[in-house]
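S.K.: Put chain W on the given structure of chain P with help from the hints.
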Amino acid sequence: MAATLHPPRLLPSGDSAVTVEFSRTIDDAANERVLALDKALAASPISGISETIPTYRSLLVHYDPDKIGFDALGEKLLALTGQSLPPTTKARRWRIPVAYGGEHGIDLEDVAKALNTTPDDIVARHAGGDYRVAMIGFTPGWSYLSGLDKSLHMSRRQSPRLFTPAGTISIGGIQAGIQCLAAPSGWHLLGRTPVRTYQLHRNPTFLTEPGDRVTFFAIDPKTFKELDRAAEAGEIIAERVDA
Amino acid sequence: MSRLIVASIGPASSVQDGGRFGAQRYGLTVSGAMDRLALAAANTLVGNEPFAAAVEIGPFGATFTARDGAVRVALSGAPRNADVAGKPVVMDTSVTLKDGETLTLGFARGGSFTYLAIEGAIKGEEVFGSLAVNARAGLGSPYPRPLQAGDEFAVDAASGAPELRIELPKPVGGPIRIVLGPQDDEFDDANKALFLDSEWKISATSDRMGYRLEGPAIKHLHGHNIVSDGTVNGSIQVPGNGSPIALMMDRGTSGGYPKIATVITADVGRLAQTSAGTAFRFKAVTMAEAQDEARKFQQLIRTLPDRLRSSDTVELNIEALSDANVAGYAVSAVDAGTWQVTAEP
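Note that the protein sequences, when read in sequence, are chains P and W. So for the first sequence, full-length UniProt numbering puts the first residue at 1; every next one is plus one. So for the second sequence, full-length UniProt numbering puts the first residue at 1; every next one is plus one.
Here chain P stands alone, though its shape is the one from the complex:
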């Protein structure tokens, strides 16, 4: 299997980080290779690496140029990518409640219009999807999902919004996401979830991990309020389904 894989590209990200890119598109096989390299580095650390950040399709490796140079590090990283994949651990599955549309999802109607359909249809397609947490990034707990229905693929906004609320459930490009904190975003806002994927003094602080599976289900605004109160109190309201 390894022989058919493209060799990853090393992309300089300034003088203290390198992106090891396995793919330019969303591809669960590429994501598996990202996570495998990440695990391989954890198992046999390279001196000078301070932190790694797995993404959909690349591993961002932060390092100290005082300890290792770009070329030497690149060689070592490429050597590790050639190793066979460790067995994957069994994925956890989360059911995430979402209040769609209205004040909770201000772009739902526009998305429906742009795709020549109804808001209900968009909700059905979004909630009907089976997603995989491909990466976590941007802001604490922001979970990027692969598996968005092809009919929902649409360009991000030309100019990002400076503010989108905590719990935003949105789509952008071919990606779907669960946002935990208020943040700027160029994605389209379909709804909000009361689930906190990050809560500082809760155990665990971070709910999702790359590789987890996610499905959504619709709730009404009243249920949103109730669940939001429970979540604020530290309850994990996402439903865990063990496959």
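Keep in mind the hints are simulated off the structure, nothing from the lab. Bear in mind that the values here come from a model prediction, so they are computed numbers and not experimental data. Just to be clear, a hint being listed does not mean it is correct.
Stated by the list, open to error - Ranges between beta-carbon positions, derived for each pair:
1. P/S50 to W/L308: 51 to 59 Å
2. W/A217 to P/T118: 34 to 42 Å
3. W/P162 to P/A42: 47 to 55 Å
4. P/E235 to W/K170: 56 to 64 Å
5. P/A72 to W/L308: 13 to 21 Å
6. P/A42 to W/A217: 39 to 47 Å
7. P/F217 to W/P11: 40 to 48 Å
8. P/E209 to W/K87: 51 to 59 Å
9. P/K90 to W/G22: 20 to 28 Å
10. W/K98 to P/R161: 32 to 40 Å
Note that the Cβ used here is the ideal one computed from N, Cα and C, for glycine as well.
M.R.: Then chain W, alone, in the frame of chain P:
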């Protein structure tokens, strides 16, 4: 224990240290000082570790009052008028506030962020080894938000150590240096040249998360959507409207717009200190040069204690002071003549 009271303070001021590392994989932003060299210089002046927690003061004025004993502090970064009880305080020096005395700081000149380090450092509850405030995430300590009048820090009583100044090297002026990539191949040669040959200004809507750059629109080769991947401090992404955004300390750990270039480590603080509206340019350097500069920058921070001098020996040379305090931060000239350096004991 003494206390340092924030008597008044403008917006965009917060507690910052070297930053929060180790959980970027969960989207936990790094945060930390916008100008790491200035943070380190201020801390070194009062005998702290270079990246200990200090007050990052935004462009507006501020006043701090010592209570329950004396408090020794130091200032570095964007220059501004400062005085204690009407007696001017020079940048890049330490000063001790006696119980009840107030340090008054004016607006920043030719820069944005000034660091007030406190002997013994600011104390608080660390998250991932850091007190750095990220207001958006509600993170940081002792106040997980921008500072407000009435906030106070419990601090060590002043040790009585002699006051010091620090001789920082003459700052590098000129363009902000970058390394192209990681997605420079999402732009054709003409647009890369446009990025490198144009004059840029930082928009007034900029903040600790990102500096929006005003200039010509940079066009993408294949559109503005890429599959999100990791970002670093100094990543320059180009969204759909073609206006680049330099990602700063409160940046998201990943982003979905192509990143044309990355500001080199040694110049991120200089970019941070460039005031809104000030024109500047970028210059591409090789990886070897960027890494060499990064190593020199680290070496400079390690050897800051060697640059400490007794503050009695300070020479009132307005040119030297304006070089040390001003030139590196603003790319355009700052009127050094208006910078008050009249008094030093």
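S.K.: If any of the earlier hints don't hold here, list their numbers in rising order.
M.R.: 1, 5 and 10
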